[in-house]
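Peer 1: Sequence:
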Amino acid sequence: VSNLRKLIDKADTDTRVTIAEYEKRVTNEVNRLKKLLPDPLKAKETPTNLADTQDNRASVSSSPSPQVSSSPSLAPILGATYTAYTDSNDAIEVQWAVVDVNSLVLSNEDDGRINPAYPQELQPRDRTSAGSEAQVADIAKNFNLDRLSASNGVGDGAPIIGPDGIVESGNGRGMGARRAYATGKPSAASYRDALMRRASEFGLNAEQVEAVQNPVLVRIRRTDVNRPAFVLAANVSTIAKPEKMAPATK
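Going by my numbering, 685 is the number at position 211 of the sequence shown; the sequence numbering is gapless.
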């Protein structure tokens, strides 16, 4: 550029005028194009939309979903709190509670039909399949407090629900519990007796549990989370395979 300027300075007057006019035209054209094209520097500063990238896995704790108040029909009997973990070691505070199984908002009806009241973005599984039906039938037949209670993970043990009663982890388990009570399975009576007998282990009162017609032990999530991301994290270890009731600990 420096050498070019020196040559221009040495040129005769007519040549300098021609060059100056050409430079003016080029500058005007560049400015016109700048108005039409996005500024590459500003574009570089614009945050990338995670949904447009291959790695769009949202953090459980990022962009928390709005916390919804407890459903009036849920009427939970509240117990002790403790911390459970996702497979990626995110800490989730949960509180033991007993509710009537029929007050839970489950993803599917007993015949497998999708529950229109359930937000389907929170159900990564196909609960209308024959495999899901077999799982629900197995849980109903073998409804067992030992396998549906304490767990350090969020993907097994007692179902995890939001404060609004929507099941976030354990729809299959909840559906199995509902069927066990609805069909009068012997396992339902055994589960109910065990829950009353062991209520104090969960910070619960046996007399209050006894007053619930179809009691089921759940964990109410108390940590604010990105709800869809949490549901995916809770299902990550079992979503790829047909599940039977997962043991309390792996």
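The set of hints was computed from the structure by calculation and includes no laboratory data.
Careful, some of the hints might be misleading.
What the hints assert, rightly or not - Distance ranges between label pairs, derived from CB positions:
id, residue 1, residue 2, range
1, Thr555, Ala604, 22 to 32 Å
2, Pro593, Thr697, 30 to 40 Å
3, Gly658, Asp620, 34 to 44 Å
4, Gly586, Pro660, 15 to 25 Å
5, Glu681, Asn576, 19 to 29 Å
6, Arg696, Ser562, 31 to 41 Å
7, Leu552, Asn576, 17 to 27 Å
Stated by the list, open to error - Cross-link-like lysine to aspartate or glutamate pairs, in silico, DMTMM-like; alpha carbons within 20 Å at most:
id, residue 1, residue 2
8, Lys659, Asp612
9, Lys615, Glu567
10, Lys659, Asp564
Beta carbons: idealized from backbone N, C-alpha and C, even for Gly.
Peer 1: Kindly confirm whether 30 to 40 Å is satisfied by the beta carbon distance between Pro593 and Thr697.
Peer 2: violated (19 Å)
Peer 1: Is the hinted range of 34 to 44 Å satisfied by the C-beta distance from Gly658 to Asp620?
Peer 2: violated (21 Å)
Peer 1: Determine whether the Cβ-Cβ distance between Thr555 and Ala604 falls within the hinted range of 22 to 32 Å.
Peer 2: At roughly 38 Å between Cβ atoms, Ala604 and Thr555 fall outside 22 to 32 Å, so the hint is violated.
Peer 1: Could you grab the alpha-carbon distance between Lys615 and Glu567 and see if it respects the 20 Å cut-off?
Peer 2: The given pair, whose Cα atoms are some 30 Å apart, is violated under the 20 Å limit.
Peer 1: Please test the hint of 17 to 27 Å on the beta carbon pair from Leu552 and Asn576.
Peer 2: At 19 Å between Cβs, range holds.
Peer 1: Kindly confirm whether 19 to 29 Å is satisfied by the beta carbon distance between Glu681 and Asn576.
Peer 2: Since Glu681 and Asn576 have Cβ atoms about 21 Å apart, the given range 19 to 29 Å holds.
Peer 1: Starting from Lys659, check that the Cα of Asp564 is at most 20 Å away, please.
Peer 2: violated (37 Å)
Peer 1: In this structure, is the beta-carbon distance linking Arg696 and Ser562 contained in 31 to 41 Å?
Peer 2: Given about 19 Å between the Cβ atoms, the range is violated.
Peer 1: With the threshold set at 20 Å, check whether the alpha-carbon distance from Lys659 to Asp612 stays at or below it.
Peer 2: Roughly 11 Å between the alpha carbons, so the hint for Lys659 and Asp612 holds.
Peer 1: Between Gly586 and Pro660, does the C-beta distance stay in 15 to 25 Å?
Peer 2: holds (24 Å)
In summary, the structure is inconsistent with hints 1, 2, 3, 6, 9 and 10 from the numbered list given earlier, while agreeing with the others.
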